[in-house]
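Spelled out, the chains give:
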Amino acid sequence: MPSLSLLLVAPLVAAALAIVVKPYRRFVGWAGVVLASLSSAASGTLAIQVVRDGPVSGRAGDIWRVDALSAMLALCIAFVALLASLLGPGLADERDDDPARTRRFRIFMNAFAFTMLAAVTTGNVALMWVAVEATTIMSAIVIPLDRTKASVEASWKYILICSVGIALAFTGTVLAYFDFVSTAGEVPGSLNWDVLRDAAPSLHPELLQLAFAFILIGYGTKAGLAPMHTWLPDAHSEAPPAISAMMSGVLLAVAMYAIARWKVVVDGAVDRRFTTTLLIAFGLASVALGAFSLVIQRHYKRMLAYSSIEHMGLVAVGLALGPLGTFAAWLHVANHAIAKSASFLLAGRVLRRYGTTEIDDVTGLLRAMPWTGTLLAAGILALVGLPPFGLFVSEFLLVRAAVETRHLAVVGVVLLLMVVAFVSLLGHLNRMLYGDPPPAVATGERRSWPLFALAVPIALLIVLGVALPAPVDALIRQCVASLAP
Amino acid sequence: MSRAIAILFQTLLAAGLAPLVGGFIRWVKARLNGRRGAPPWQPYYDIQKLLGKEAVVSRTASWIFRATPFVVFSTSLVVASFVPLVAAPAGRFIAGDLFAAVYLLLLGTFFLALAGLDTGSPFGGMGASREMTVVALTEPTVALSIVALALNAGSTSFSQIVSRTLAEPAAALGPGHLLAFAALFIVTLAETGRLPVDNPATHLELTMIHEAMVLEYSGPYLALVEWGASLKLFVFLALAVNLFMPWGIAVSLAPIPLAIGLVTFVVKIGVLATAIAVLETRVAKLRLFRVPELLSASFVLALLAVLSTFLAR
Amino acid sequence: MTVDRSAAFLFMIAGYVAGAIVALIAPSDRIARGATAIGAASGSVAGLVTALAVLATGDRFELVRPDMIAVAGGVAIQLDSLGALFLALVCSVGLFAAVYGFTYTADYDGRRSLRFFGLMFNAFLLGMSLVPCAANVFTFLFAWELMAVASYFLVMTEHESSDARAAGLWYAAMTHFGFVLLLPMFLIMAPAAGATAFVDLRAGASALPPAARSTVFALALAAFGSKAGVVPLHVWLPRAHPAAPSHVSALMSGVMIKLGVYGLLRVTSDFLGTGPAWWGGLVLAVGSLSALGGVLYALTENDLKRLLAYSSVENVGVIFLGIGAALVLQSYGLPALAMVGFGAALLHTVNHACFKTLLFLAAGNVLRGARTRNMEQMGGLIKGMPVTAMAFLIGSAAAAALPPLNGFASEWMVFQALLSGAQIAKPEVAIGSPLAVGVLALTSGLAAATFVKAFGISFLAMPRSDAAAAAREPHWSAWTALGAFAAATVVLGLFAPSAIAAMYRIVESVTATPRNVTGGGGIWLLSAHGVAAVSPLLIAVLVASVAFVAFASIRARGFDVRVADTWGCGRIRQTARMEYTSSAFAEPLRRIFSELYRPTEDFSVSVHPEARLIIRSITYTTRIVPWIEKALYEPVTRGARAIAASVRRLQAGSVHLYLLYIAAALMAALASAWWFE
Amino acid sequence: MFSQLVMLGSSGMLLTALIVLWRKHVPAYISAYRLQVWLLAGVTATVGYFASDWRLFAVAFVLVVLKAIAIPALLRTMLRRFGAQPEVRPYVNTETSLLIAGLLVLFAYVLARPWMAVTDLPTRDALPIAMGLLFVSLFVIVSRRKAITQVIGFLMLENAIALLAAVGTYGVPLLVELGVFLDALMGFLVMQIFVYQIHETFDTIDVEQLTRLRH
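Residue numbers (the numbering used here), protein chains in the order written: chain A, 59 to 543; chain B, 53 to 365; chain C, -15 to 661; chain D, 213 to 427.
Keep in mind that the hints were calculated from the coordinates and are not lab data. Check before you lean on any hint, since a few could be wrong.
[As the list claims (entries may be wrong)] Under the rule of at most 30 Å between Cα atoms (straight-line distance), these lysine-lysine pairs were calculated in the BS3-like manner: (1) A:Lys207 - A:Lys80; (2) D:Lys236 - A:Lys80; (3) B:Lys81 - B:Lys337; (4) B:Lys105 - C:Lys614; (5) B:Lys81 - B:Lys105; (6) B:Lys81 - B:Lys101.
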């Protein structure tokens, strides 16, 4: 319990500190880092606690409830938030000349982290919705950190589309609640998802089907599933790198988390094929869209964004493929969170050096920024699912789950699309890494601490890919168990 | 042990008779053209004379150029030791089978082509290029002829093929056998540089193949190359006569059969050599780029041979 | 002698990993180079010890760590004699490539990162060494992909040229294509959820329905074929192999593509066992296509390393011919004859590894000496680089399957395997196997032409460029590798009977068929029934003694040798411009097979502006664009681009449109609820 | 009586949505929206009265204060700031819009049929209307050009969900309701900020100008 409080309170304190200290001072940033580390540590202890003793409930009983899945996501969120606060404007960024801008970033970045943490640690489906909606608001404010036309446009699209989507998710929530209330009457904790799950067999399948359709579209919009993904490449590519890292790395996963929670409830009442088919359909559409959008992509940040769509599609497909698929999906979420956040932060460094987001204008990266280039290459190789990185394991498990559940057509399509994505991403990486840097770009890179910080996620990916430590394995097994009907 | 002696004897016989075959063909051709021509044993004089002369070696050439005559000669002679001439003793003193023979001859050609390139002369390169082209294109026909023979005998070993043909003479007159013979005959012409593929009697740059390749050779080197070439011709003729018409060949190593074998062999070779001579007076040399047509025709013959052998079984 | 095999195995891994890490953090290029070589060499030696221990005793070596990546089945290592053979190949080539690489990469000092190269070189060796040891799906795929990634970066070492970059991408694409076929291929065989150890697959494969077995086979053929570089999946090979540094090319051509052969053998002969005859027929067809296609493109190639790469395609085709013959024979219930095919394929695998490594390393010396890969600018190298020339000559002769070298022995065995196919009383076999024989014969004929050209044009006659004239031998340490592989090429040729007997033992242990084939009777290489025999050793002795006698007797008579200019029809001085060129050499065959090559020709004459009869220059260019790529790969890439273009259009920028998508998706999802009622 | 009143209020809300589709001036949109909120508050209060749940009165009160008074006022400020925007040109003309709205309501009825069968709430007749309102507001967002009209469409969407919650479940728990209000307010404020930002950076609030980012 104290660790749960610490997990949630730390980012709030960081945000409050950033509000209070005006203009921004460097110690605020470091304090934020310390608080984010505390929050990460808290999520770690929470995860250990959960694996050992089962779900942890908060004092208010039905509001905060942390099971393995929540703990796993909280861990990812806290870790990515730590990376973001360490490498975001104000500390690592040499160009942090505008304290107002930095202050704004620090406030909303922490608030954003808080809303995501709240979304995964609450046991109440409606509060989860509130928190997810809040993530949209917090992140939308901070996207146009440098009020450029593109970033304003991106965040307008983001907030409008996601608000509409999330409203649809609320409709679904209300519909399910309506069914629950009309069959079971109003009982305390009736919006708690475990109560809903237990009551599911007595609910009306017709209604829950409609509810799930709304929920899937609604949270699917937030999760970047095609064809509701349209805001994603814009927002993720225009946001400051640290925010992109959080959005791509964990925000999408939070939305997938909501879908997964609801899937369990709906599966209790409806033939499992319904949710499975919908998830596979939208998942495959996302993988296809992500993969083919990578083919003729000209901007590396958008490239990373489309790759997120592809990965979320894979996660959606995984969730539909039985226990092993679910395992693969959550492992994939964890791996993707690490790989994508690192890649976005590295892309931010590239952008700062080259001053362009065009792939064609970034050449000779290995020569201009040998370390950043190597790390970015590692990140992108991880994202295309090559060993020794963790995504290789999760993609392998995903395919194995699909073969074991005899979804052979899905296997075929997914693998084909993975080739498309692989070739495209590698081709773009190839063009960026090699050749000679443009004359205007300075070459050489000193080994500064941000580089070491960025090497940590890559090292983590290798550990996950080579050994998959037993605690992680146990945690994700518990995630699967917590989603069992 | 007597088998080993028989093989040694046959090999020496091949080495001794080989130049005569070339001379004989030339003599018959001259006669057919109404000329007196050089005597059939003229090649022996040539070899003798060349062995006594000095050798001129190109400044650009390397050791390959000097080593090649020995490689060519020895491979041809070793191949000759595989081939049943007078007797076809079974057993393992023959170091190779048909495939080995073909590839060993290819080894000689390989070095000869390298030697052609070694001098840097455009003729040498041209000859090497053309020779390798012809050799490459004849390989499949040779192989398929071997298959056709092997299908009957169940083996690619010389003695097996010979003994099977002797045992079942009816099969030897079957269509498969004859087609294979025809194919191998065409290949023989191509491989040994006879008309219509190559003209051994010309030094016209447009038409030369083998002669262009060995243009730079002189003295003892040339002697060895020429001797090797005549051995190759001899081996091919011997193959043709003894694999397809083995009658008369000695199957035991007693004196009488051996004598009969020797006589029949000489007669058979003589007949085939005459046939070549007749053919060479009748046909004109083909343009280089028509040669593949001839060779593909021979390939088709060999393929048909295989098929009809198969169907006849 | 007993060897602690697991210690040796772990030492192998430790050697590679240490080499990789030390190279990565090395303070200077020289140290990085040294660490790379020492790590790779010590790892290879340890791997070789492990492999030889298994080969000598014949019993398997196992090492299972179920706790690493437990959910995917853990890490499982099992080395049987088939795997050990390939491990031995990887490690022996790896060892000498490492030694050779130490001096070879000195050329890169200060120019590019040798640290990264060292990391990737060792990772490449680690991946390749683990592939034949893997005993479950996850371990196999992990090693497989590690090998692919590492070799991709090795190909990109000389990334200044856009060719190398394009080569890398082709390579990565094709290798990944193979990988995604492997994944379902293995998993279909898994008998139960989670049972992905090779033991389970073996059991699972036998329980599969015929259609599924054939699917597995087809996937395996495509996946491993793409790694082995068979036509038409070979497109990456002639691009990637030449682009890599030469010792890496040697590793790729010598052993990496052989791991495709390993995979195919493992899946077909070990897991699947006997299948329908068309499996073998398909492998024969693919083999014929590769053998012929490979050699035809090798013939017209002017880039020395690319010529060697195409020759690898050819040799993989020959290996596939052996496997195909074996599969056909197996399906007709002739396991003893099938063993000849498998044995021949394995022997050719080993042999090709030897002579191709030799050739690539020699080509590396040439590249360093003459500073070009273009044969049209070489010539006369035999004078400056006699050792390299000798090595290249031995390799060339072996590649042309000339006796008594090793290429001949294995091709002879393949011939015998194909001939035994002709005994099966089925018309399709009776037509197919002679055709395959014909193809193989044509292939070796063309290979001879190709290597006459490769050696003759590059090493003989006069240098065609100043660099070629100035080319000298590299540091002597580069010779050790050449010497080792030249010796192996010769020894494996002369003692082929013992080698084939060893191969039979390996095949026997994998396919569990009793051995009633007489493998090697002393010095005799035998066909299936022992009726055809050839002795490379005897041939060698005979040829050598005849040559010696001839030489000695001519020497005894005594003769004068006069050195003079080449006769030049009355020209004054011989120049390199007079020489036959590489293109000219291949011209007759290029014309004959013009239907296959479909060359584009461009002929232009520029005349003097004032006098039209004075010709200033004549330019003739001809290019061969392999039409397989045009016909097969262009539509695919064009299709992908077309789809991508239409997908792009979805993201049109209008927020209204985006919202419309959501509305439409919502309606569709809601409507789908009816469908499920 | 209860169901009639609820029905009346809900139908009125749907009608206001249709008015938005029919009218062409932003001020008219704002009035229609305000009317809709009043009706929503009425329905909520009615449900609260008949279900004797005091919390719904509180909700109705907050609704009026927040959505019927505060938000329209902010909207009008915004409008004054941007000047009297001329005529709104929707993507779909009025006739077609109305037709589509009709079809959407029909679709809502079809969707709600199985679900009306499982409940015997007195308010169940209003469920398809709430759903229809949801679809129509979605349509408004999709088919209207201006940022400000999109905001109004979004606010109507929220009303539709609130209506659904009120008539379907008699309101979600208060804590949640508060969270929803907070989010709605925050969301609106942020959207308002962005409308200003769009106006600043693009000199227009015509969303159609925002198509720089594509592919």
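A quick look at each hint next to the structure:
1. A:Lys207 - A:Lys80: 27 Å, holds
2. D:Lys236 - A:Lys80: 45 Å, violated
3. B:Lys81 - B:Lys337: 15 Å, holds
4. B:Lys105 - C:Lys614: Violated. Lys105 of chain B to Lys614 of chain C sits at ~58 Å, over the 30 Å cutoff.
5. B:Lys81 - B:Lys105: OK: Lys81 of chain B and Lys105 of chain B at ~29 Å, within 30 Å.
6. B:Lys81 - B:Lys101: 23 Å, holds
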